[in-house]
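For the protein sequence lines, the chains are A and B, in the order given. Under our numbering, the letters of the first sequence match residues 7 to 527, in that order. Under our numbering, the letters of the second sequence match residues 7 to 527, in that order.
Check before you lean on any hint, since a few could be wrong.
Claimed, not checked - To spell it out: a stretch of chain A is covered by chain B in this simulated footprint if at least three of its residues, at any positions, have a beta carbon under 8 Å from a beta carbon of chain B; those stretches are: (1) 227-233; (2) 423-429.
Stated by the list, open to error - Distance windows between CB atoms, simulated: (3) A:176 with B:476: 27 to 37 Å; (4) B:227 with A:109: 13 to 23 Å; (5) B:17 with A:109: 42 to 52 Å; (6) B:356 with A:468: 18 to 28 Å; (7) A:25 with B:173: 31 to 41 Å; (8) A:58 with B:358: 24 to 34 Å; (9) B:17 with A:59: 13 to 23 Å; (10) A:58 with B:173: 38 to 48 Å; (11) B:484 with A:59: 26 to 36 Å.
Simulated from the structure, these hints should not be mistaken for laboratory data. Just so we're clear, the structure is a prediction, and the values are computed from it rather than from any experiment. Using N, Cα and C, we set each Cβ at its ideal position, and we do this for glycine too.
Number of protein chains: 2
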Amino acid sequence: MSADKGLVENAAGRLVPTVVNGKEQVPFAGVAKHKPSGARAAPSLASCADFPADGNKVVKDLKTALKAAGLKDGMTISTHHHLRNGDFVANMVFDAVSEMGIKDTMWFPSASFPCHSHNIQHLDSGVIHHIEGSMNGPLGEYCSRGKMRGLGVLRSHGGRYQAVQDGEVHIDIAVIAAPTSDAFGNSNGLTGPAACGLLGFALADSQYADKVIVITDNLIPFPCIPWQIQGNYVDHVVVVDKIGDREKIVSGTTKITRSPDRLLIAELTARFVREAGIMKDGFSFQGGAGGTALAFAIYLRGMMKEAGVKARFVRGGSTRYLVEMLEEGLTDYILDGQTFDLEGVRSMGENPGHVWTSPFTSYNYHGKGNFASQVDAVVLGATEVDVNFNANVVTHSDGKLLHGIGGWQNCLFSRCTILPIPSFRDRIPVLVDEVTTLCGPGELIDVIVTERGIAINPLRKDLLDAVKGSDLPIRDIRDIKADVERICGGAPQKPRFEDKVVAAIKWVDGTVIDSVRQISG
Amino acid sequence: MSADKGLVENAAGRLVPTVVNGKEQVPFAGVAKHKPSGARAAPSLASCADFPADGNKVVKDLKTALKAAGLKDGMTISTHHHLRNGDFVANMVFDAVSEMGIKDTMWFPSASFPCHSHNIQHLDSGVIHHIEGSMNGPLGEYCSRGKMRGLGVLRSHGGRYQAVQDGEVHIDIAVIAAPTSDAFGNSNGLTGPAACGLLGFALADSQYADKVIVITDNLIPFPCIPWQIQGNYVDHVVVVDKIGDREKIVSGTTKITRSPDRLLIAELTARFVREAGIMKDGFSFQGGAGGTALAFAIYLRGMMKEAGVKARFVRGGSTRYLVEMLEEGLTDYILDGQTFDLEGVRSMGENPGHVWTSPFTSYNYHGKGNFASQVDAVVLGATEVDVNFNANVVTHSDGKLLHGIGGWQNCLFSRCTILPIPSFRDRIPVLVDEVTTLCGPGELIDVIVTERGIAINPLRKDLLDAVKGSDLPIRDIRDIKADVERICGGAPQKPRFEDKVVAAIKWVDGTVIDSVRQISG
């Protein structure tokens with residue numbers, strides 16, 4: 007036990023708060039150790055008698071909708087990141103909340119992006135009390151500097167679904183940005199000027215929030231098909247000029263890395279997947295939109311073609327490279343969580359094999375299984391990895407909280423989790439003795455691929471055996487780390503923190519796996 | 007108030023039980039009068055830690071699954087009618103329950119068919135205590151004769167979803183017949199030897215039952231796309247040789263009526279829809295699979311073509327006639343609740359505009375609106391209609407309970423509800439002073455079309471005005487009734503009943519709209 011007031015040591019040896027934003031917490035108890043008790047959240051019953059028979063739920067503007075939804079001080083308001091850094095909606099929402107004179111709200115985004123630094127004024131003024139949700143960039147830094155009144159709470163995509171489903175977070179009002187909607191509230195992300203692909207991040211909110219507002223710039227006649235969000239869960243529909251900036255919602259084209267080191271890492275990763283026997287007919291893998299992950303998928307595609315191997319499914323974040331694989335017949339399906347480029351959006355609308363999923367299907371740990379554990383191999387990033395394969399994905403080595411968890415924690419449950427990472431960045435080693443923030447327990451991380459060799463988690467004797475005799479540069483993680491420290495002039499300096507805890511990191515089961523402290527200076 | 011013990015008079019003047027199968031009831035209070043309080047049913051939380059990481063939930067056989075699901079005396083077990091009169095599963099289930107020595111279960115089918123008369127032995131022996139669900143044919147007669155220990159409870163498709171969602175019915179174990187499934191439990195009805203189209207009737211069960219068993223004769227590799235039932239809700243998967251008799255699941259071809267009277271009724275109905283101005287660009291209607299409803303759709307199609315009118319959507323039960331309309335471009339969408347023939351199944355698999363719906367989207371009255379009230383015109387059947395437009399759809403004029411409610415009550419909320427019915431059947435008038443069993447309040451029934459003329463509900467002055475000046479044979483319902491009684495030699499004899507109540511008829515909001523008594527003799 008620590009002397010830190012209100013903190014306890016969890017099963018990973020991390021000091022975590024026992025109370026977060028007024029709510030009792032369960033410290034991380036180990037992978038698959040904490041079992042939920044109780045029941046799913048139970049929203050109030052509605053009646054068709056209280057909704058327009060003609061199905062027209064359109065109200066004049068956002069303020070009218072928020073008022074009708076009963077907006078009050080202290081409420082929890084959710085938004086979603088399917089419009090990514092092009093989103094206008096989360097800013098509109100808190101501008102309206104501010105103009106209505108409401109204070110102390112909790113903002114519960116599925117993620118926030120640099121475009122949302124606009125809302126810092128509403129944090130400063132007290133309109134937003136705190137944020138629970140990924141804070142990419144400026145809002146993360148704001149939190150890191152101890153400026154937020156409440157604690158930031160970071161959850162994975164699956165953990166967010168779990169928290170809402172389990173009633174850990176009660177959403178009073180959900181505002182769902184919809185690239186296309188009908189007046190009843192059926193919505194999708196496939197068409198319209200702000201087309202983003204799918205709306206899966208808002209699924210939990212639609213199902214469990216007290217009041218649901220759909221906001222669109224592309225209202226079409228009932229029925230909006232497919233209804234990725236079902237109007238049967240929606241209270242009000244608001245039509246605005248523009249919900250987002252098309253250019254920043256999806257890339258026109260996704261960029262592959264040009265760095266020779268990263269290309270080497272990507273190729274080694276693909277070769278590992280092949281040599282370990284994972285790449286075989288009917289297998290599955292998760293791609294990604296990062297430069298290295300993209301390059302990995304392209305290398306693997308080449309190897310699959312060469313070997314005449316076809317995948318059963320590929321998990322997106324989809325890009326044109328995955329779409330090409332689908333259209334070339336190299337996979338039966340893309341099971342997609344978000345589309346990263348225009349080709350992804352097009353394909354999801356056109357190809358029956360390009361399937362939209364949600365954090366419920368893919369990641370919710372408090373379901374009767376999910377898809378994540380059925381993926382043969384995933385490649386993920388990390389900001390730091392320690393010699394026990396524990397990994398960090400939210401803070402940089404300077405201690406700043408600059409990234410969300412995304413689906414990262416959820417994906418660790420795949421049959422083979424591979425982190426293709428450079429062994430150092432800006433002359434700061436990525437391989438460390440102890441990660442600044444623990445996001446993923448080492449027992450779930452199987453392989454680290456660096457430009458200096460591949461380290462396999464000793465727990466995975468099967469993988470060590472599988473690549474024995476291959477010409478892959480398999481090395482001990484400590485040896486790679488020693489190399490890197492020689493190059494960089496030693497282990498990285500530990501970041502300097504204040505005592506104050508500014509954020510809690512949740513595990514997929516709702517327990518607290520780590521905390522983040524205010525940075526010094 | 008009545009002298010009948012335990013019965014009260016509801017807002018429709020019907021005597022209904024205050025307690026049904028041990029549960030307190032709310033008497034029907036009028037259309038849109040009863041508002042639900044409380045919250046949605048809240049199933050226990052699950053954890054991925056308790057499910058196989060490889061996603062393989064297949065167990066040896068049905069008994070193993072039922073045992074693993076914790077089957078006990080007195081439990082509620084649900085099945086579904088998407089395999090209609092070709093279903094093998096509901097019989098298999100109760101054979102297994104019987105062999106396991108379990109007693110006093112409640113069978114909660116979405117509907118039962120003549121093929122399920124097999125289960126009468128299990129009612130006789132005490133394995134099944136009673137049935138809550140539509141009882142078409144022999145099981146209805148069994149109930150009518152007072153042989154069931156508990157009360158039959160009849161609900162509409164939407165009412166069944168509402169009852170499960172609201173926690174009025176708690177399902178311990180749901181067994182879902184799946185024409186195609188993967189080992190994780192993702193299922194659909196689109197392919198496989200028992201292909202039936204869609205599995206919407208089982209949606210509520212998958213979401214709210216404690217334990218969910220999927221039973222299939224067509225196991226495919228993960229993922230089963232589309233997942234009409236989501237494996238994330240499924241506990242166990244069972245593979246058997248055959249879940250149904252293909253010939254009886256869907257018709258090879260749907261049959262149009264050849265009766266000249268019924269053809270006349272169908273044509274008058276289509277003409278009414280046209281003359282009343284309902285048939286216009288962007289309109290919607292609900293078809294049906296009955297001979298008259300089919301003929302109506304064919305007449306209407308002809309009129310639409312002639313007038314160059316296109317529908318926005320058509321509600322199924324789909325048949326090849328609706329599919330032809332979709333494929334000819336006469337409608338943008340079929341919003342389908344069940345497919346009645348092979349062409350319907352094919353189209354649902356192939357046409358993105360042929361959309362599978364569920365009782366949640368279409369009919370649940372305790373949602374934030376539903377689709378039923380957005381349909382411009384529906385045509386429905388009835389066994390009896392009274393002079394105030396109240397209608398019966400469950401009992402025959404001899405008092406026997408032989409039909410379920412289906413989506414009938416839910417569809418009454420459309421903008422124009424039309425009952426095309428013969429004015430008499432087997433020389434027994436269909437138009438009566440008072441219906442034997444009240445299923446639909448007259449205020450929701452707008453038009454009666456018979457071979458002797460069309461009666462418009464006086465409440466619908468707008469419709470009376472709309473057809474003024476047309477050459478349609480608009481008549482007072484009492485005049486048509488008088489005609490019919492002249493032909494048939496008077497009003498029909500009232501059926502003879504015992505005092506004992508054998509079934510309760512629920513309204514869409516869970517209140518009791520009427521009761522059915524044991525038939526005499």
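We went through each hint and held it up to the structure:
Given as covered by chain B, the region 227-233 of chain A passes the check, having 6 residues with a CB less than 8 Å from a CB of that chain where 3 are the minimum. Given as covered by chain B, the region 423-429 of chain A fails the check, having 0 residues with a CB less than 8 Å from a CB of that chain where 3 are the minimum. For the pair residue 176 (chain A) and residue 476 (chain B), the beta carbons lie near 56 Å from each other, so the given range of 27 to 37 Å is not met. For the pair residue 227 (chain B) and residue 109 (chain A), the beta carbons lie near 54 Å from each other, so the given range of 13 to 23 Å is not met.
Between residue 17 (chain B) and residue 109 (chain A) the beta carbon distance is about 46 Å. The supplied range of 42 to 52 Å therefore holds. At about 43 Å, the CB distance of residue 356 (chain B) to residue 468 (chain A) disagrees with the hint of 18 to 28 Å. Checking the proposed 31 to 41 Å range against residue 25 (chain A) and residue 173 (chain B) shows it holds: the Cβ atoms sit about 32 Å from each other. The hinted range of 24 to 34 Å is satisfied by residue 58 (chain A) and residue 358 (chain B), whose Cβ atoms lie roughly 28 Å apart.
With their beta carbons about 20 Å apart, residue 17 (chain B) and residue 59 (chain A) fall inside the hinted range of 13 to 23 Å. With their beta carbons about 27 Å apart, residue 58 (chain A) and residue 173 (chain B) fall outside the hinted range of 38 to 48 Å. The given range of 26 to 36 Å is respected by residue 484 (chain B) and residue 59 (chain A), whose C-beta atoms sit roughly 29 Å from each other.
Consistency note: the structure conflicts with the earlier hints numbered 2, 3, 4, 6, 10.
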